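Colleague: Under our numbering, the residue at position 126 of the sequence shown is numbered 349, and the numbers go up by one with no gaps.
Treat the hints with care, as some may be off.
Claimed, not checked - Between beta-carbon pairs, the in silico distance windows are:
1) Tyr320 <-> Lys352: 38 to 44 Å
2) Tyr239 <-> Glu329: 27 to 33 Å
3) Ile343 <-> Ala301: 54 to 60 Å
4) Asp238 <-> Thr286: 24 to 30 Å
5) Asp339 <-> Thr286: 37 to 43 Å
6) Phe340 <-> Ile253: 16 to 22 Å
7) Glu313 <-> Tyr351: 46 to 52 Å
8) Glu355 <-> Ile328: 30 to 36 Å
9) Val268 <-> Pro235: 32 to 38 Å
10) Val349 <-> Glu230: 43 to 49 Å
Don't read these hints as lab results, they were simulated from the structure.
All of these numbers come straight from a predicted model, not from anything done at the bench.
Even for Gly, the Cβ is constructed at its ideal location relative to N, Cα and C.
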Amino acid sequence: MMILFNETILIPRTDYNSLRTFFYESFQKIRSMPRDYCVQALAQVLQGYGFGIILQLFDKVMTAERIVRLNINPLSPAEFLPPLFDMNVEAVTLEEYQEYVQFFIENSPLSKEREDFEIINRYRAVVYKKLEKEKKK
């Protein structure tokens, strides 16, 4: 797979803090949304889902009609679950993500460069030790 593409990018897994920030800033843009709305539950539940899926989910739930009804019916974090289940996607677990990271590290062009740098650094260490011994004499 790495042969097909010139470059590869490892996209980080969505974590609690990035999701909390996303939801907080997105809800702050909506004037009828309470300023003290607790986004922690959403951030906790949606960890590991791709950010594209989270954007689609946000757009499905926060429609214009729903935003108008916010003053009458407050938003519940449970409203995000049925559309999420309808998407039939699973979150990437930490173990699965570590497998992706390991694959990326093993097959990226940087892995060869890292090996070359390690050889250079070992050679430098030997040379520096010799220089220190000569200075002591």
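Colleague: Are the hints correct? Go through all of them and say.
Modeller: Now for the hints, and whether the structure bears them out:
| no. | hint | verdict |
| --- | --- | --- |
| 1 | Tyr320 <-> Lys352: 38 to 44 Å | holds, 40 Å |
| 2 | Tyr239 <-> Glu329: 27 to 33 Å | holds, 28 Å |
| 3 | Ile343 <-> Ala301: 54 to 60 Å | holds, 56 Å |
| 4 | Asp238 <-> Thr286: 24 to 30 Å | holds, 27 Å |
| 5 | Asp339 <-> Thr286: 37 to 43 Å | violated, 54 Å |
| 6 | Phe340 <-> Ile253: 16 to 22 Å | violated, 49 Å |
| 7 | Glu313 <-> Tyr351: 46 to 52 Å | holds, 51 Å |
| 8 | Glu355 <-> Ile328: 30 to 36 Å | holds, 34 Å |
| 9 | Val268 <-> Pro235: 32 to 38 Å | violated, 19 Å |
| 10 | Val349 <-> Glu230: 43 to 49 Å | violated, 35 Å |
Violated hints, listed in ascending order, are 5, 6, 9, 10; each of the other numbered hints is respected by the structure.
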